[in-house]
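J.: In case you want the letters, here they are:
Number of protein chains: 2
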Amino acid sequence: MGRELFSKETVAGCAASLNIPNLSNAAIADVLNVAVTLEARTGIPFIRMDQGIPGLPASRIGVEAEKKALDEGVANKYPPQAGLPALKSAASRFVKAFLDVDVSPQSCIPGVGSASISFAAFAITTQLDPRKDTVLFIDPGFPVQKAQLNILGIKHLSFDVYAYRGEALREKLEECLSTGRIASLIYSNPDNPAWISFTEDELHIIGELADKYGVIVLEDLAYFCMDSRSDFSQPFKAPYPPTVARYTDNYILMLSASKMFSYAGQRLGLACISDRLASRHFPALAARYADSGIFAQTYASSILYTISAGTAFSTQYAMAAMMEAACDGVYGFVSDNREYARRAELMKAAFLKNCFHIVYDEDCGRPIGDGFFFSVGYGKMTGAELMEELLHYGISSISLSTTGSEREGIRACVSKMTGDMFPLLEERLEAFAADHPQVSQA
Amino acid sequence: MGRELFSKETVAGCAASLNIPNLSNAAIADVLNVAVTLEARTGIPFIRMDQGIPGLPASRIGVEAEKKALDEGVANKYPPQAGLPALKSAASRFVKAFLDVDVSPQSCIPGVGSASISFAAFAITTQLDPRKDTVLFIDPGFPVQKAQLNILGIKHLSFDVYAYRGEALREKLEECLSTGRIASLIYSNPDNPAWISFTEDELHIIGELADKYGVIVLEDLAYFCMDSRSDFSQPFKAPYPPTVARYTDNYILMLSASKMFSYAGQRLGLACISDRLASRHFPALAARYADSGIFAQTYASSILYTISAGTAFSTQYAMAAMMEAACDGVYGFVSDNREYARRAELMKAAFLKNCFHIVYDEDCGRPIGDGFFFSVGYGKMTGAELMEELLHYGISSISLSTTGSEREGIRACVSKMTGDMFPLLEERLEAFAADHPQVSQA
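Keeping their order, the protein sequence lines are chains A and B.
If you use the numbering used here, the first sequence corresponds to residues 1 to 442, in order.
If you use the numbering used here, the second sequence corresponds to residues 1 to 442, in order.
Hints in this document: simulated from the structure, not taken from any laboratory.
Keep in mind it's a predicted model, so treat the numbers as computed, not measured.
Keep in mind that the hints are not guaranteed to be accurate.
To be verified - In silico SDA-like pairs for lysine to any residue, Cα to Cα no more than 25 angstroms straight-line:
# : chain 1 : residue 1 : chain 2 : residue 2
1 : A       : Lys67     : B       : Pro80
2 : A       : Lys155    : B       : Ala290
3 : B       : Lys416    : B       : Ala349
4 : A       : Lys77     : B       : Ser335
5 : A       : Lys68     : B       : Tyr78
6 : B       : Lys67     : A       : Gly55
7 : A       : Lys68     : B       : Ala325
8 : B       : Lys132    : A       : Ile154
Claimed, not checked - Okay, the calculated bits of chain A under chain B, using three or more residues with CB under 8 angstroms as the criterion:
#  : region
9  : 258 to 272
10 : 287 to 299
All C-beta atoms in this analysis are idealised placements derived from N, C-alpha and C, irrespective of residue type, glycine included.
With the sequences and hints as input, model every part of the structure.
T.: Now the structure itself:
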């Protein structure tokens, strides 16, 4: 102890002034608020590893397309219910180019970021069959998605996948799905927060059991093509990222402009629904919404569009332009995003040098790649303790305990680490390690 | 009969091909689809009175501010949870300038159009007290809002206000609110679809009873300052539009860029919450969301932001610029929107000349003004019959029966009527009237 930048009183006082009742298990937004407020009050900059926010400028292609659409007068027109046709076509082409999966344009539906896509997906998937009222999270996961269920009053089940990789996943999923209560299951690949990625074998298991139990898989691809272990940069060329879409027709792929194209501010996500699911008729939907009951129509019109009347029209043009440019090979978003892997490599080295360890470290024997996030632990500290303690050293993060993980550690986001901050990070980690000597274990 | 532009078979076949199960009670989007599809198939243009879409170009001030924000690089940043500070200040100033109501910036929260504002408001107001689980609609109203409740599984009560104007409103509201089940009540002023407006006396009654029964009033101001009977065009000068905010602290005012600034495409609405309600602590919210339980914080962060992570960042700059310009008196949105009143006057004359009648025709003895909508009926036809029959004459509208009205008629939206279409409207109405002679009543 003794090398802290912020005293216990300062941090606790700041949290109290922001009405944050329980700092150690605080949500991302609350940690962010504490960091920003402490920075403003003291002038001492934080190492901000909390929020997963793009660390690269927005795609210029998107910005120019958006300005052009505004100049052409789209701002006074409600967007079409199922989305701009040019965007739907671009999304279909993009999924083919970068996943080698066929989804027709009409099954690609834009929303207000991936957030609204998952929100509407949670609603619709739990309204298909009264017995199936629960969402299964393969954790660790993105806490906001569970918060969405809380608004809707939908139940969830979850398990930490750490102990259930490879064939062990089958038994665990059987246990959950055989209850007959699971409407949909969700995970992200690569994973937020742990940066693990399911292997093709694991996705095969998920797809097989989704079919067996009639469960819809929500595959969150927010960090699409950001696993540094393979080169996914060439459109229409292997290798392709792993996806459950190869193993089942019960899927909704969730794509987002936020990290992929550094376009988080404009709120554009896409549901790419398997054509078979998209065109399927559900009597329960027709009855509830007095509509056609066709999955994609109900999803787009009776749910997504009813909640917000679409997402910004000019941004739909931007997303179409970015996706087409990526497919044409003139916008190298995959290469651009390699910058995050470079930052992760340096940051992980700094943590490891100071006696931290990577918590989720491998995919069935293969070390995880570098990318947007990684997870670290320290000795026997709990994640909540570590998160709160690091705040005193000017490092903000979130506890893995808030992500459904049963492992102790924190999530570190690399995106805001620019070159000049690495010496600061090293210095603070050294101070932390010096203040917290690890007792060697017998 | 005999003068139709589209045969029964053509219209019915079109509806069937669009999976519309029940055309006569079709939702706005379905009627719109039928009209657009028939136009495309036959080349015959429709008189489109269906969707309430801006008929004026988007505010140039908004477009320029949005492009500037994009150039300055906002697209890669998540918007702040409670909204852009400059927008919050502008909204506060705007409410003062055009309503003479004081709401502080922190109580003004942007969302993805008024749609998301009402969606989140329905959620939060029914989560404050387990006994209060129902929303009351003072109808006729906007059908999409009831569709939103359907997604959330929230109950509603409603009544057609036609027979309960003036003091009669008190007794009817007492009857509804004294059940103890009403969490919030909603109406629009001026009203979509009927263009009636509550008087100050009626709003006084609503405010008084909201306080008596602890009910939150959701005042939808989508057609703000569009009642042609008064000149609301001068900022910070009387007269001001009537508002319940003068009579209770239990309110959320819903403002929207869509019609007011002809900015529907970019999806920007605002909740302006009374400061007293905004800062009130609700234990049920704190328990459900594990947050502060302070109304405006839970509304903004745990609900609205959780659903979509904000609304397009550049559009928040646009809205701030438009509101400030309106307050400065350099953007005359009220005068611009007078164009709708001119169109309404001409259209109403054409309908009346052909034996139609205005259904909702007065506010407590005072004839309603001209504006974005009006309601018309024809002889003893039901609204559903009239809507469907007019489709055959190339005129699309929605039946009042879909808006919670107990009167027979249709809603006519004036916004798409440009000068060249008036002769067409007259011609078609004449054909309709000739085909449907009214039996004079004894």
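J.: Broken hints, numbered, in rising order?
T.: As far as the earlier hints go, not one is violated by this structure.
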